[in-house]
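Q: Sequence:
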Amino acid sequence: MNTMTGANAYARVSVESAVLSAGQAQLTTLLFDGALSALACAKLCIGNGDIAARGRHLSKAMDIIDNGLKRPLLDWPEDPLAQQLTALYDYIIFRLLQANLHQDIAAISEAETLLGDIASGWKDSLRIVSGGSEP
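Note that the working numbering gives residue 154 to position 123 of the sequence shown, counting from 1, and the numbers run on in steps of one.
Treat the hints loosely; a few may be bogus.
Computed cross-link-like contacts, PhoX-like style, restricted to lysine-lysine with a CA-CA straight-line distance of at most 25 Å [what the hints assert, rightly or not]:
#1 154 / 91
#2 74 / 91
#3 154 / 101
#4 101 / 91
#5 101 / 74
Derived by calculation from the structure, the hints in this document are not laboratory data. Quantities reported herein were computed from a predicted structural model and do not represent experimental measurements.
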């Protein structure tokens, strides 16, 4: 096993352990982190000309956003905040589709900024709820 394969295996075990021990709020944080990580990787892949990896990373980010972050909001169709977040997630996914189609780093950066702002708000709310300690 080479060094990168070993490092990847340890990283995967670390993520799996975090998921298994996390509560619902922490799982949402992990989803944000996973999507943002995939977007960062996609930008690197565009720079390296790795089309296949770019597509994989963008697909991963879109899947996390659509199925992990947006889908639970559908349980509250009348809630204005859920409606706004759903629309924002749809827009982010649209921009990522455009980014994949046109190898558009600016579109990925826009999606990163929007998703990062939502993630930051989520993490801030967890700190408030937990009395100021880290979530």
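Q: State for each hint whether it applies.
A: Here is how each hint holds up against the structure:
1. Taking the CA atoms of residue 154 and residue 91, the gap is about 22 Å. The hint holds against a cut of 25 Å.
2. Distance check on the hinted pair: residue 74 and residue 91 sit about 13 Å apart at the alpha-carbon level, within 25 Å; holds.
3. Between the alpha carbons of residue 154 and residue 101 the distance comes to roughly 17 Å, so the proposed pair stays at or under 25 Å and holds.
4. Restraint check for residue 101 and residue 91: satisfied, since their Cα atoms lie roughly 14 Å apart, inside the 25 Å limit.
5. Taken as a hint, the residue 101 and residue 74 pair is honoured in the structure, with Cα atoms around 23 Å apart against an allowance of 25 Å.
The structure is consistent with each of the numbered hints, conforming to all of them.
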